[in-house]
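> The primary structure of each chain is shown beneath.
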Amino acid sequence: NAGVMQNPRHLVRRRGQEARLRCSPMKGHSHVYWYRQLPEEGLKFMVYLQKENIIDESGMPKERFSAEFPKEGPSILRIQQVVRGDSAAYFCASSPIQGPRLVDLMNTEAFFGQGTRLTVV
Amino acid sequence: RKEVEQDPGPFNVPEGATVAFNCTYSNSASQSFFWYRQDCRKEPKLLMSVYSSGNEDGRFTAQLNRASQYISLLIRDSKLSDSATYLCVVKEGQFYFGTGTSLTVIP
Numbered sequence: 059n060a061g062v063m064q065n066p067r068h069l070v071r072r073r074g075q076e077a078r079l080r081c082s083p084m085k086g087h088s089h090v091y092w093y094r095q096l097p098e099e100g101l102k103f104m105v106y107l108q109k110e111n112i113i114d115e116s117g118m119p120k121e122r123f124s125a126e127f128p129k130e131g132p133s134i135l136r137i138q139q140v141v142r143g144d145s146a147a148y149f150c151a152s153s154p155i156q157g158p159r160l161v162d163l164m165n166t167e168a169f170f171g172q173g174t175r176l177t178v179v
Numbered sequence: 245r246k247e248v249e250q251d252p253g254p255f256n257v258p259e260g261a262t263v264a265f266n267c268t269y270s271n272s273a274s275q276s277f278f279w280y281r282q283d284c285r286k287e288p289k290l291l292m293s294v295y296s297s298g299n300e301d302g303r304f305t306a307q308l309n310r311a312s313q314y315i316s317l318l319i320r321d322s323k324l325s326d327s328a329t330y331l332c333v334v335k336e337g338q339f340y341f342g343t344g345t346s347l348t349v350i351p
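Line by line, the protein sequences give chains A and B. Going by my numbering, the first residue of the first sequence is number 59, and it counts up by one from there. Going by my numbering, the first residue of the second sequence is number 245, and it counts up by one from there.
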């Protein structure tokens with residue numbers, strides 16, 4: 059069972075270009091989370107998605123950032139008109155389906171991909 | 245107010261020492277708790293889940309105090325390889341991460 063796959067691992071963009079970051083969750087996982095980590099800082103939540111639905115986007119900047127998790131294919135985090143301040147590591151995590159039982163809530167840890175390091179020049 | 249708060253450290257301890265990290269969370273309805281470990285420039289990895297009764301995995305012991313909304317991690321007999329950032333994580337829908345506590349184990 060392959061882990062969470064993110065690509066590309068490294069991405070360089072010039073200011074004003076678009077960046078597309080992809081995340082394929084672990085097999086059987088239908089929940090995807092995106093986090094941003096600036097150098098020497100902690101993980102900052104961006105968005106939580108299930109297939110075809112955005113559950114929580116409270117951490118997403120209002121402009122230039124969008125995310126999707128289509129029925130087929132990977133989750134995409136899209137940054138339009140990138141600026142230098144967007145340079146960071148972007149991590150994707152996935153977790154399994156959550157059921158109604160308490161035991162389903164337990165142990166549903168998030169598994170992380172290796173991240174995409176975006177550099178804006 | 246942050247959902248999860250941790251002392252960022254850094255903690256610098258000699259090999260063999262015992263070190264404890266603490267974490268508080270704000271949402272009393274939170275159901276799931278974890279400690280993750282993150283090595284420099286790598287992705288976070290699950291260290292252990294935290295259960296209500298407390299749990300132990302080798303040299304690592306995790307405790308949860310729901311009344312005080314407090315989670316702890318104890319590392320006994322520290323090894324050089326324990327040097328990393330330890331992240332307290334609380335799940336309530338999405339995963340809320342603390343900013344992490346940096347540990348360096350010194351020879």
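Hints listed in this document are in silico derivations from the structure and should not be mistaken for laboratory results. Remember, it's a predicted structure, so these values are computed and weren't measured experimentally. Don't be surprised by glycine CBs; every beta carbon is placed ideally from N, CA and C. One should not assume that every hint holds.
[To be verified] Derived DEER-like restraints, expressed as beta-carbon distance ranges:
| hint | chain 1 | residue 1 | chain 2 | residue 2 | range |
| --- | --- | --- | --- | --- | --- |
| 1 | A | Thr177 | B | Asn256 | 28 to 38 Å |
| 2 | A | Arg78 | B | Ser270 | 33 to 43 Å |
| 3 | B | Asp251 | A | Gly143 | 41 to 51 Å |
> Look at each hint and say if it fits the structure.
Now the hints, each set against the structure:
Hint check: Thr177 of chain A to Asn256 of chain B, Cβ distance near 31 Å, so the stated range 28 to 38 Å holds. Taking the beta carbon of each, Arg78 of chain A and Ser270 of chain B are about 34 Å apart, inside 33 to 43 Å as hinted. The hinted window of 41 to 51 Å between Asp251 of chain B and Gly143 of chain A is violated, with their beta carbons roughly 28 Å apart.
Checked against the numbered hints given earlier, this structure breaks only hint 3.
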